[in-house]
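Sequential numbering of the sequence shown, starting at 1, is according to this note's numbering.
Since the hints were derived computationally from the structure, they do not count as laboratory data. Each hint should be verified, as a subset may be incorrect.
Stated by the list, open to error - Estimated spans, in silico, between C-beta atoms of each pair:
(1) Thr-26 x Val-67: 24 to 30 Å
(2) Glu-104 x Leu-158: 32 to 38 Å
(3) Gly-94 x Ala-49: 19 to 25 Å
(4) Ala-86 x Gln-157: 20 to 26 Å
(5) Asp-74 x Asp-136: 15 to 21 Å
(6) Ala-50 x Leu-158: 37 to 43 Å
(7) Arg-102 x Leu-159: 28 to 34 Å
(8) Gly-120 x Thr-26: 15 to 21 Å
(9) Ala-53 x Ala-86: 21 to 27 Å
(10) Ala-86 x Ser-145: 19 to 25 Å
Note that the Cβ used here is the ideal one computed from N, Cα and C, for glycine as well.
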Amino acid sequence: MKTSRSFALALALALAACASTSPRTTDARGEVEQQVDKLPHAYAANDPAAVLAMLDPRGFTIYGSDVTEVVRDDAGLRQLMADDFALWKTARFGAPANLDIRVEGTVASAFFDVPFSAGGRPPVTVRFGTSWRHDDGRWVLMQSSNTVPTTGSSAHQLLHGHS
């Protein structure tokens, strides 16, 4: 009897530990979506401290739009942002579209398109691929890559004319 109580208590504690380290998928999707919305606005506000606070303390990689822009540390991010804002002066991101969030335990990915305008120029669509890790009750960015996708240049459009 005492052994079965001890086993039941150990099982309950193990399940509670698992529940506290692995967020529920539905809650996690909403939390990641909040981070996806928050990150570009922190960048557009030219707030490196806010951006760095959202990055994985175990390490991160951010691929910029140029092949030379590969950032893996705080100093690199600060330099990237300083260079961007020296060039642009201002930046603005719109609302994410085509948002696709996948969550598996304590790791998530989020892919999305967002309108982006630099220096008051007309907006272009930027496509992001990001990966996140649940760390100490919050989602932190591990990796980010972006590209400016083409319009009217898909294989189908090139082969069959624009439609």
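Hints, verified against the model:
| no. | hint | in the structure |
| --- | --- | --- |
| 1 | Thr-26 x Val-67: 24 to 30 Å | violated (38 Å) |
| 2 | Glu-104 x Leu-158: 32 to 38 Å | holds (36 Å) |
| 3 | Gly-94 x Ala-49: 19 to 25 Å | holds (23 Å) |
| 4 | Ala-86 x Gln-157: 20 to 26 Å | violated (37 Å) |
| 5 | Asp-74 x Asp-136: 15 to 21 Å | holds (18 Å) |
| 6 | Ala-50 x Leu-158: 37 to 43 Å | holds (41 Å) |
| 7 | Arg-102 x Leu-159: 28 to 34 Å | holds (31 Å) |
| 8 | Gly-120 x Thr-26: 15 to 21 Å | violated (40 Å) |
| 9 | Ala-53 x Ala-86: 21 to 27 Å | holds (23 Å) |
| 10 | Ala-86 x Ser-145: 19 to 25 Å | holds (23 Å) |
Of the numbered hints given earlier, the model fails hints 1, 4, 8; all others are met.
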